[in-house]
Every structure is written in structure tokens, then in C-alpha cells.
Amino acid sequence: MATTACFVIVGKNDSPIYESEVGSGPRKDEAAHLHQFVLHASMDIVQDVVWTTQNMYLKVVDKFGDLFVSTYVTAGQAKLMLLHDLKSEDGIKNFFQEVHELYIKILLNPLYVPGSKITSPQFDARVRMLAKKYL
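Those letters in the sequence shown? Residues 58 to 192, per my numbering, in order.
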């Protein structure tokens, strides 16, 4: 079964750090722009929800048609956002937790400038592997 999934990491100052189409469905340029738009529009809702809970995993914060936006906010206020069409809460939570661990390893790298784009092919490959495993 083909799934739609777009994953982004948004930095503390609302700038995109990493983005990837991680779904198994066919990739279209028009869909990629729509996914970015939906995720960007959901950021205001995420800002509101962050103030109402102490949890890092915010679950589904927004919905657009048959697509859901799930979010995980780190202690440093980076937002891990996933646009998906499947609703598997446990798989999404596990995906976010493991990607958060990968993100922490990137932050611990002395050559990485916090807030800059993540261009590591190893990071990208691991995120895609985790998406296949959990989503």
C-alpha cells in the first residue's frame, strides 16, 4: 500500500533545517509544494499546542483533507513535523523518538552549526530507513 509522508525538522527560529519525502507513494513536484504549504500552515497551531502540554510528542495537531500533521517538539524548541495519511500513533511516536536521537547526534557534532541545514547523506539515509521501519 502506498503512503504519503513528508517529514521536516524546523529550527528554533522557524527555519527549515531538514526536509524529506519519506512516503512510499509516487512523488510529484506539485504534491511536494502542497506538503510544504500544509506543514508551514500548521506551525501556528503547533506554537499554540506547545503552551498547553508538557509532552514532547504532540500527536496529530492539524488535518488537511485526508492528510494528518503530527509533531514532536524537542527541548531546544526544534519541531519535527510529519505529514502523513496513515494514523499509527505508536509507529509515528517511535519514528519521532529515534529521529530525535539522530538529531541530537548531529547537534553534538562540533562541525555542525546549530540552525543550519542538515545535508548529511548518512542522516538522510537513516531517516528514510526509520520511515520504512515505522511508517
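Misleading hints may appear alongside valid ones.
Stated by the list, open to error - Cut-off 30 Å, straight-line C-alpha distance, at most; resulting in silico cross-link-like pairs (DSS-like, lysine-lysine):
#	residue 1	residue 2
1	Lys120	Lys174
2	Lys116	Lys69
3	Lys150	Lys69
4	Lys150	Lys162
What the hints assert, rightly or not - Each pair of labels, with its calculated beta carbon distance range:
#	residue 1	residue 2	range
5	Asp101	Gln179	17 to 23 Å
6	Leu168	Phe121	24 to 30 Å
7	Trp108	Ala182	32 to 38 Å
8	Pro167	Glu146	22 to 28 Å
9	Thr109	Glu146	31 to 37 Å
10	Asp105	Pro167	32 to 38 Å
11	Met113	Pro171	29 to 35 Å
None of these hints come from the bench; they were simulated from the model. Glycine included, every Cβ here is placed at the ideal spot set by N, Cα and C.
- Message: Of all the hints numbered above, which does this structure not satisfy? Sort the numbers upward.
- Response: Numbers 5, 6, 8, 9, 11 - these are the hints that the structure violates, sorted from lowest upward.
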